[in-house]
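Enquirer: As a plain string of letters, each chain reads:
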Amino acid sequence: MSYFDVGEAAVAAALDAGARYADARVMHRRYESMDARNGEIEDLSSTESAGIGVRALVGSSWGFYAVPDLSDSAARLAGARATAIAKASARVAGRATDLVPTDVSTATWASECLIDPLAVPLSDKGDLLTHATKTMREHGADVATALYAVWDTRKWFVSSEGHRIDQHVRECGAGVQATSIGEGETQVRSYPASRGQYGTRGWELVQGLDLLGNAARVAEESRELLTAPQCPSGETTLILGPEQLFLQIHESVGHAIELDRILGWEAAFAGTSWLDLSQLGSLRYGSELMNITIDPTLPGALGSFGFDDEGTPAAKRYAVRDGIWVGVLAGRDSAALAGLDYAGSVRADGWSRLPMVRMTNVGLEPGPHTLEQIIAETDDGIFMENNRSWSIDDKRLNFQFGCEVAYEVKNGRRGRLLRNPSYTGIGPKFWQSMDMLSSEIEYWGTPNCGKGQPTQSGHTGHPAAPARFQGVRVGVRA
Amino acid sequence: MTDVEKITEQVLDLARRALPGGEVEAAADSVHRALTRFANSFIHQNVTEDSVTVRLRAHVDGRTVTTTTTLTSPEGLTSLVDRTVAAVRSAPRDPGWPGLPGPAPLQLTGQVDAATRDASPDDRAARVRAFVDAAKGLETAGYCQTGHWTGAYRSSAGQALTASATTADLDGIVRDSGADGVARRSGRALSDLDGTALGTRAYAKATAQRDPIELPPDRYQVVLEPEAVADLLTNFAYHGFNAKAHAERRSFAQLGTAQFDAQITLYDDPRQPFDVEGSPRGRLVLVDQGVTSALTQDRRTAAASGTVSTGHGGDPSWGPMPDSFGFEPGSATVDSMISKVERGLLVSDLWYTRVLDPRQLALTGLTRNGVWLIENGEVTRPVRNLRFTQAYPQALAPGQVLGVGSEAVPQPSRMFLGSWTAPALHLASWNITGGASG
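Those sequence lines, one after another, are chains E and V.
Note that this note's numbering has the first sequence beginning at 1, numbered continuously upward.
Note that this note's numbering has the second sequence beginning at 1, numbered continuously upward.
Okay, chain E solo, but in the shape it has when bound (with noise of 0.2 angstroms):
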């Protein structure tokens, strides 16, 4: 019996049960971790994991269930559990949930991927990452952290309405990280990101990262910030490096895009989103630099695929053209109920949960700048790098950031360093403040994106460069 074949008989009994529509996703996940601290392996984690989970639809609600069994009688089972669950949810019953259609693919997708990273012997890895916490320890850290992670997915998806799509991404990532401690006070650097580099792609992607190349800087760096001065406070012109301008971007951009927030399913817990759909394709987000796209198609980016868990195709669309609001992360369900014609962002983080609106790629397009044209246009300002702290309010506004490391620019050159930076703001007033972007574009990854009940991590893919922006709060404290 193909995995096909498991997720047909699922389906087939939640159709019996009574379901209008339903789905499975019969996923078989290995995960590896290993995580390195002071020159020693601290934990190496391997997992192996499978299952199936059926979505049901039954008047305005989703049932879901999922279970550990890929056996025929626990699909069928699963399948009329679905419904069973989407039923009840007729005691408190909304309007009839739609769903916009979707071409009904039999298709089979998988990410590039050069050097398969469980293929690499652990000890190499291992050596890898206590190589570079040693480095880290002898050029001045205090406590020195390496990790890598990788995800090896495969995925069978059928519906009722005839999709049979299978899928293979394989997903890795790692980083440094070097912590020094003071009289009442952290500093920290981290490379290439505060919590690692991620990304569709095989172990060449950690060879590309050269951890070891950049432990001893950033030991150093981390020291050098417990007596660097403090970030100044007040307003002032703002750079910002590429690996802090993806997470301004992911937080005020793509969680607000969420149609499913704008729609007000995620009221309760992730919140809302400031956004109104009557303004979109009106609504003035940023500058005219700001160009944003939704692409799950980027070779390598964290959050690209061939289909999304409900099969629609990977296709690029726009969220912000010209600084103008043009698109939202959509699922068939939310399309539908914001008379929208297209979908495709839904995915789950594992067999056993709901699929739900997530970002995939969201990122900007390149501008026509570089870092060093920006520097050396800036009179006065401060250019930040790599987050340390994020936090937004629940309808995706105000937010702030701190970093690990600032500079001061003064007269169009780098300054000295600065320690403690932060910034703070609002969404639209923020990004309509951008007058300077670079074209000097990277994918970043991050593959702990938080969202949902009971919580998924979401894997999402960031194109971002640097960028300056005016009037920008900084300096705040305790």
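FYI, nobody ran anything at the bench for these hints, they're computed from the structure.
Using N, Cα and C, we set each Cβ at its ideal position, and we do this for glycine too.
Please note that a few of the clues may not be correct.
[Claimed, not checked] Computed list of chain E residues with no C-beta within reach of chain V, every gap over 12 angstroms:
1) Y21
2) S61
3) T106
4) H139
5) Q187
6) T293
7) A315
8) G339
9) D379
[Said to hold, decoys possible] Stretches of chain E that chain V covers, calculated by requiring three or more beta carbons in the stretch to come under 8 angstroms of a beta carbon on chain V:
10) 46-57
11) 75-86
12) 113-125
13) 171-184
14) 449-462
Given the coordinates of chain E, work out where chain V should sit on it, guided by the hints.
Expert: Just chain V, lined up with the frame of chain E:
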């Protein structure tokens, strides 16, 4: 013998044969988790998961590997052991391995409520219906969850533990013209959750927020309601009493020091009687009348500091942390706290709090689900949401706590089977650094 006991014994047997002389521990967790979610006043997502996760940790020739699987067929368990054997031979060395302790009895028994274990989608929908009805036609959103856990642990050192527990949560908001009121409750039984009472509380909070004003940044006296105090517990749990963070000087905690006001006693009172390492757990007082008195330990941190595990093994990279953390209640009511405030804020809930520096436990975050101005002992006006930047230990330092609520309310946690038990708190100073509009 339960299924999870059979599985752990089978895995332990297979692993001991495959790894003679090795130290081996096997654990299995059976979880039934059902969550009924509502928004726009109807149930839109209704989910149930039945899963068994098997965990095998082996230490052989100075090397340690942890493997897990959800495949519990004989082939799946054999594959788990084979994977472990292959990995442990090529794994890097682990000089910090603390060893396996011998048998130790449970300090707690898990509490299982049969009605909660067997709760149906209809049972949860009934709680949701009551919450929605209490909103008198205003929009509502939230969830009702029930869960049942059975866990088993076996080790080559002879430790053998089995326990079960149930949990139930109801968490909802009522929405009135963009203003949200919240009410939450966690319990060991579905019968602990009163949808009507929670819906009524959320309704009252939502409808008391019409025409909010903006307030300027300043230091304000605050009365934090239990939903807001749960955030303090969350951050103290993750960052404050973690023995690993303490050993690395990343925590503010100083054992034996009066870091908190004498009215503050903090404890962990777990629902799960043992942790993933098979260490029995019990009630643990971490702050005793203002004095930092203990840290949460796993086997690794305990060995490194010459003490014993407190049963808080979990993510080894993060370190041991409480998951059922609470404040001992005091004697004040919310009304009596408000009556003592000349000018300050009543805060329902905190949101998106993130640590700026763990050593001071300085955080930034926002208010959510209701803020009100208190003037001359009375709540006078609703206030728009505010951003704060505040060191949490400083807010609870000696002399800073002006009152502790008499009712400690169990609040839902994002950790399955976890909870935060929070009374209201009256604090002398909270650092507001901005409004929601800038």
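Enquirer: What hints, given by number in increasing order, does this structure fail?
Expert: 2, 5
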